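Generate coordinates for the entire structure from the input sequences, incorporating the hints supplied.
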Amino acid sequence: MDIYLLEAIINGILLGGVLALLALGLNLIFGVIDVVWIAYADIVMCGMYVIYFLYSEYGVPLPIACLIAIASMAALGLVIHLLIIAPVLNSPPINQLLATGGLLFFLQSFATLLFGTDFRNIGVRLPILEVAGIYISFSRLLAFAVGLIGAVMLFLFLKRTYIGTAIRAIAQDRDIIGLMGVDQRRIYLVTSAIGGALAGLAACLLALQYDVHPFIGNTFGPVIFMICVLGGLGNMIGGFIASFIISQIIAIGGYYSNTELSYVLAFTFFIVLMFVRPRGIFAR
Amino acid sequence: MSIGRIAAFAGLAILIALPAITPPYFLHLLIQILLWAFIYTAWALMGRFGFVSFGHGAFMGVGAYVPALLWSYYGLTPWIGIPLGVGLSALLALIIAYPCFRLKVVGHYFALVTLALSQVVLLSLTAARDITGGSLGFTPKAAGHSWYALQFPEKSYFYAISLLLWLIGLYVWRRVDRGISREALEAISEDEDAAAAVGINVLREKLHVTIISASLTALGGAIYGQYFMYLNPDTVSGIAVSLQIVFAVIAGGIYSLLGPTVGSLLTLSLTEGLRVWFGTNFIGAANTIYGILLILCIIFMPRGIVGTLQGMKVWRRTGPKAVPAE
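Chains as they are written, first to last, in the working numbering: chain A, 290 to 573; chain B, 2 to 327.
These aren't lab readings, by the way, just hints derived from the structure by calculation. Predicted model only: the values in this text are computed from it and were never measured. Worth double-checking, as some hints may not be accurate.
As the list claims (entries may be wrong) - Partial list, derived from the structure: chain A residues whose beta carbon lies under 7 angstroms from chain B:
| no. | residue |
| --- | --- |
| 1 | VAL368 |
| 2 | TYR424 |
| 3 | GLN537 |
| 4 | LEU550 |
| 5 | THR557 |
| 6 | PHE558 |
Beta carbons are placed, not taken as given, at the ideal position from N, Cα and C, and that holds for glycine.
Right, here's the structure in full:
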């Protein structure tokens with residue numbers, strides 16, 4: 290097999306790790322609260338700015354900057370839930386979608402207002418590994434590993450803890466859960482905070498690989514939705530697998546043509562698959 | 002003659018007389034407001050029935066690029082190019098909408114499928130940079146004042162064209178609103194299976210309104226391109242444009258005839274006003290305020306400005322439909 294193709298495939302798998310993390314966060318929120326956060330990728334953008342400013346401007350060590358970013362994005366998740374999602378919880382789904390779309394506008398333009406449209410890079414250069422003639426960037430490998438660890442931790446949290454069980458229960462039956470003595474509002478808050486924290490974690494990983502600018506969310510946002518829908522909205526395992534399918538299409542498509550066309554291919558694949566399996570590939 | 006009708010004619014007379022008295026800058030604004038109002042009205046045709054499309058950026062992009070490319074490379078007059086672009090958009094809408102409606106891809110899923118469509122068009126336009134100039138944009142070949150090329154340096158021509166388009170948009174909206182289709186579509190948006198059970202051809206009604214909506218959007222995109230003489234994938238296509246359309250309509254009022262127009266008036270004056278006020282130092286300011294307003298609108302006025310105002314006049318029996326199904 291062509292070595293460059295192999296490299297593309299490996300990079301695709303590595304990209305899939307980060308996408309899977311983002312898809313998990315979005316799926317968790319959708320599964321529990323039943324609202325699609327269109328602005329999810331823009332929360333990642335906010336996290337990247339936090340890291341950039343803490344690390345590059347104020348000299349905070351990178352790991353601490355990352356922790357602060359994760360914590361502040363968790364807080365942002367809470368604020369978003371309280372200010373925007375809670376008031377529209379009983380509105381038609383499309384209004385909820387649009388409310389978070391308004392948030393997308395707000396976050397992107399507020400970031401433009403504050404930071405301008407410059408591309409900023411935290412300037413951390415991690416080594417590039419060479420394995421049997423294949424070059425793998427360490428930052429991507431790290432992103433993949435941390436993405437997987439994040440996914441496993443989330444899984445354990447949902448399986449092993451009381452509140453995790455409550456979260457899974459609420460995703461299964463919203464109406465009965467109140468009768469079981471679980472406070473819905475508290476679960477919603479916890480879920481929003483976890484969703485925000487996952488976006489913050491993804492921000493840490495992406496800040497190592499990409500420049501941050503106000504519209505970076507547009508690069509990832511549509512892809513993440515596509516992944517979630519493909520896996521079945523709210524279906525976390527489906528979303529996890531779908532991330533790797535999509536990242537492979539993007540990587541291999543990029544190898545044979547160029548990046549834009551590989552995304553065109555991925556989106557077209559998504560549209561076609563929606564017609565074959567309208568509720569996602571893993572719908573029962 | 003009712004008061005409403007007299008007001009409408011008076012308003013129209015003022016609109017027709019405007020180019021004679023307004024400075025070019027305001028005329029430029031008015032043209033934009035009318036063009037966008039037309040596109041927003043086209044979107045609202047289907048949006049008001051709960052088919053929320055994020056794919057109208059795709060239709061607008063196709064409508065704008067096809068005539069511009071055909072004219073610049075092959076010298077084909079936009080009089081043929083525009084219908085081709087509109088036809089292509091309608092075909093695209095059919096290709097996407099038919100399976101969607103057939104397989105009952107609705108709600109979130111429909112919104113996200115159409116979102117993918119606008120990304121496909123955006124990225125294809127960007128990727129074909131040898132022809133379209135990619136994200137640097139595309140400037141159609143200039144021909145001066147020419148009916149053949151549908152290019153007019155004087156703004157008054159495009160003012161007349163966009164005024165006409167806008168009126169056509171309102172007319173189509175009215176036709177759908179007054180026709181039997183409206184009852185059918187409202188029934189469908191409330192309960193598709195029940196609608197089918199009482200003998201409504203669900204698929205045909207939905208496709209009908211979708212194709213009209215996509216074609217009008219493409220027409221708006223074409224005129225937009227002819228007027229600005231500059232096309233950029235990001236300003237005529239893609240997720241940003243699709244969201245812009247959806248939001249302006251929601252802000253203005255999705256269930257009312259003039260709602261989309263008010264949305265266009267409001268958003269453009271806001272953007273321009275803030276731009277003039279703040280200068281270019283605060284490029285994000287306008288959209289920041291815009292974003293906040295949108296969130297507030299959706300939380301507190303889900304029927305938009307016009308819808309809310311009409312809702313206050315409780316004595317009016319023939320108001321728009323009450324708050325959408327919850």
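Results for each hint:
A least Cβ separation of about 13 angstroms between VAL368 of chain A and chain B goes past the 7 angstroms threshold, and the interface hint is therefore violated. Given hint, TYR424 of chain A at the interface with chain B, is violated; its Cβ is 25 angstroms from that chain's nearest Cβ, farther than 7 angstroms. The interface hint given for GLN537 of chain A is broken, as the beta carbon of that residue sits about 17 angstroms from the closest beta carbon of chain B, more than 7 angstroms. The interface hint given for LEU550 of chain A is met, as the beta carbon of that residue sits about 5 angstroms from the closest beta carbon of chain B, less than 7 angstroms.
Interface hint at THR557 of chain A: satisfied, since its Cβ lies 6 angstroms from the closest Cβ of chain B, which is below the 7 angstroms cut-off. Nearest Cβ of chain B to the Cβ of PHE558 of chain A: about 9 angstroms, over the 7 angstroms cut. The hint is violated.
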